[in-house]
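This is what each chain is made of:
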Amino acid sequence: MHAGTAAEVIRGGRRVREIVVISGKGGTGKTSIVAAIAALAGEVVTADCDVDAADLHLLLDPKVLRKETFSGGKRASIDPVLCTGCGKCEELCRFGAVFRTSNPGGGQSGVSSDGPRTGVEVSGHAEYSIDGIACEGCGVCAYFCPAGAIAFEEVENGVWYISQTRYGPMVHAHLNAGEENSGKLVTVVRNHAKRIADERGIDTVLIDGSPGIGCPVIASITGADLVLAVTEPTMSGVHDLERVVRLTQHFGIEAMVAVNKADINSDITASIEEFVRREGLTLAGRIRYDGAVTEAQIRGRSIVEVSDGPTTRDVKRIWNQMRFYIEQEER
Amino acid sequence: MRIAIASGKGGTGKTTVAVNMAAVAARHREDVTYIDCDVEEPNGHIFFKPTVEKIETVMVPVPRVDDSKCTYCGECGYICQYKAIVSILNKVLTFPELCHGCGGCTLVCQDGAITEIPRAVGKVEIGSVHFSDETGLMNGKHLGMVQGVLDVKEAMPGPVIRRVKAYIPDSGLRIIDAPPGTSCPVVESVRGSDYVLLVTEPTPFGLHDLTIAVETVREMGLPMGVVINRADIGDDRVTRYCKSERITVLAEIPDDRRVAEVYSRGGIIVDAISWFAECMQGLLQRLSEEVAV
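Chains as they are written, first to last, in our numbering: chain A, 74 to 404; chain B, 7 to 299.
Treat the hints as calculated values from the structure; they're not laboratory data.
Please note that the accuracy of each hint is not assured.
List of simulated lysine to aspartate or glutamate pairs, EDC-like, C-alpha gap at most 20 Å [said to hold, decoys possible]:
1. B:Lys89 - A:Glu226
2. B:Lys97 - B:Asp73
3. A:Lys147 - B:Glu81
4. B:Lys129 - A:Glu315
5. B:Lys171 - A:Asp204
6. B:Lys159 - A:Asp298
7. A:Lys389 - A:Glu400
8. A:Lys147 - A:Glu163
9. B:Lys89 - A:Glu227
10. A:Lys257 - B:Glu103
11. B:Lys159 - A:Glu352
If we take Cβ atoms under 7 Å as the criterion, some of the chain B residues that face chain A in the derived model are [unchecked claim]:
12. Asn49
13. Ala161
14. Gly187
15. His214
Covered, in the sense of this in silico footprint (three residues per stretch, anywhere, with C-beta under 8 Å from a C-beta of chain B), are these stretches of chain A [what the hints assert, rightly or not]:
16. 98 to 111
17. 337 to 344
Built from N, CA and C at the ideal position, the CB exists for glycine as well.
Could you build all of it, start to finish, from the sequences and the hints given here?
Below, the structure is given as structure tokens:
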């Protein structure tokens with residue numbers, strides 16, 4: 074599938090492959106499957122790219138070796154002392170992020186009508202402030218503020234970690250509540266995971282993606298070698314699978330599909346498998362519903378570490394299918 | 007009363023609660039609207055099968071550069087924070103899919119070389135749901151529905167969510183189905199609500215993601231409560247957490263395979279399972295008490 078790049082040739086043809094587990098719909102079992110595959114795969118680098126609700130660490134128990142802060146962009150803030158209340162920022166902001174904090178003049182004139190001024194400076198004009206949550210960090214207000222009252226600076230909006238787990242290195246992150254630019258943080262996590270794999274001669278990076286099809290998902294899958302789309306046999310699962318499949322097709326990424334909790338509705342499972350065949354994708358397999366997966370999660374373990382039952386066998390079969398597929402593609 | 011249903015973790019039952027609460031409410035009142043802000047994967051329509059009355063295409067204004075006027079001063083590339091417009095020597099390149107539509111490049115261009123053209127990124131569908139069931143109980147009942155759909159391959163749900171919100175009525179019971187997670191799309195969906203209902207499950211993943219969702223909602227300064235779905239599948243750490251954080255648990259929904267089956271085929275659970283209908287009715291009652299306080 075991949076022609077070797079110059080860098081690969083230099084490294085003797087060895088290249089790091091990236092496998093991404095996504096789902097569209099949340100709660101289909103991505104993270105549980107990633108942890109199980111990590112346990113089965115021998116040494117891999119795991120990357121938790123679900124940066125706004127990261128859970129993989131709860132199963133892999135990483136020991137943090139390095140912690141770095143992340144800045145995904147800049148934010149505007151208005152200095153109330155310098156603000157003349159001209160309203161240019163409010164006029165130009167397209168995200169509704171500028172709001173009026175006071176209007177002592179009642180909007181009539183530029184001078185306060187509350188009598189003579191006392192020691193406290195009464196500003197005769199409206200003052201403005203930025204709603205940090207609504208601000209998209211475009212910087213237009215700062216650029217055009219005639220008073221130079223708007224600062225536009227890098228903000229810290231998350232952290233990322235390099236850690237060690239019982240199955241190899243792990244790169245993970247935490248995006249602060251309500252922040253933007255999760256895609257940038259995903260890219261940071263992915264790049265470090267790949268670099269570590271490269272340095273340590275580990276051939277696989279296993280990525281836990283986020284639900285949905287937007288920014289963080291796109292950042293997780295672009296340029297990856299294989300996507301495993303995990304779905305469930307519900308109408309919602311089918312609908313959301315179709316959208317992630319379209320996404321992988323748009324970016325030209327190979328995708329396999331696994332149906333989790335397949336026995337909850339075997340008719341829908343069959344129709345998902347039919348869809349997979351029709352789209353020319355590869356079926357990775359079915360996983361049976363098993364309460365033992367939740368029990369394993371409560372113990373901080375993946376299912377394959379605590380059980381030899383049918384679900385463990387299902388996951389093993391899926392991993393074998395994936396390995397077979399990758400080896401064929403790489404030949 | 008405007009209620010947002012959020013969760014942190016995906017798949018905990020946000021849509022199940024939002025849809026079924028709306029359906030139960032529609033039995034008794036006229037002014038119920040279900041709003042699907044999970045524009046990356048909107049699922050409410052699967053259950054409601056609404057009649058769509060209006061479709062709005064969501065546009066983001068993106069730059070178009072007139073090469074004959076451009077002097078390659080580079081100011082557009084300087085102001086753009088998203089690398090959506092880049093000036094290299096005698097060439098200006100635009101990357102519309104990265105553009106947030108802030109208008110900065112158009113404003114800074116001294117040569118009048120940049121105009122904005124609309125680019126479609128998704129749609130908003132406005133419609134209604136008309137119920138009819140075997141019992142006749144729901145015949146003639148209806149609710150309003152608004153949903154946003156982000157086009158596949160688009161990265162930014164924000165503009166679609168903002169347009170969805172423009173269609174939220176000013177009054178009545180408005181139930182907003184938010185996306186999973188805690189980042190900007192969730193905040194955008196939840197903003198402006200009277201109350202946030204966080205749906206979780208009693209597992210380590212459910213608890214962990216609940217704690218970050220709580221942090222987000224606190225930062226926004228909104229009142230909130232928790233629904234524990236599949237309440238008997240895990241352990242009691244979510245309950246203990248809510249107690250220690252003084253967060254009200256408004257409902258605990260037991261795990262029932264029949265619920266999963268109705269859900270799996272896209273059915274409305276309150277029409278099929280009476281204990282679930284009572285549970286949703288109780289939840290609505292608790293919510294109205296909470297919001298009234």
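Is the straight-line distance between the alpha-carbon of A:Lys147 and that of A:Glu163 20 Å or less?
18 Å, holds
Checking one constraint from the list: CA of B:Lys159 to CA of A:Glu352, max 20 Å. Satisfied?
18 Å, holds
Tell me if B:Asn49 is really an interface residue toward chain A, meaning its C-beta lies closer than 7 Å to one of theirs.
Cβ of B:Asn49 sits 4 Å from chain A, so the hint holds.
Identify whether the interface hint at B:His214 stands, where standing means a beta carbon of chain A within less than 7 Å of its own.
Because about 6 Å separates B:His214 from the closest Cβ in chain A, which is inside the 7 Å limit, the hint holds.
Regarding the pair B:Lys97 and B:Asp73, is the alpha-carbon distance no greater than 20 Å?
8 Å, holds
Agreement of A:Lys147 and B:Glu81 with the hint, judged by alpha carbon distance not exceeding 20 Å
18 Å, holds
Please verify whether B:Lys171 and A:Asp204 have alpha carbons no more than 20 Å apart.
Given pair B:Lys171, A:Asp204 holds - Cα atoms ~18 Å apart, limit 20 Å.
Pair hint A:Lys257 and B:Glu103, alpha-carbon separation not exceeding 20 Å:
Cα-Cα ~15 Å, so holds.
Holds or violated: are the alpha carbons of B:Lys129 and A:Glu315 at most 20 Å from each other?
18 Å, holds
In terms of beta carbon proximity below 8 Å, does the region 98 to 111 of chain A have 3 or more residues touching chain B?
holds (count 5)
Quick check on the hint: B:Ala161 CB to chain A CB, less than 7 Å?
4 Å, holds
Agreement of B:Lys159 and A:Asp298 with the hint, judged by alpha carbon distance not exceeding 20 Å
Status holds; Cα separation ~18 Å.
Checked against the numbered hints given earlier, the structure satisfies every one of them.
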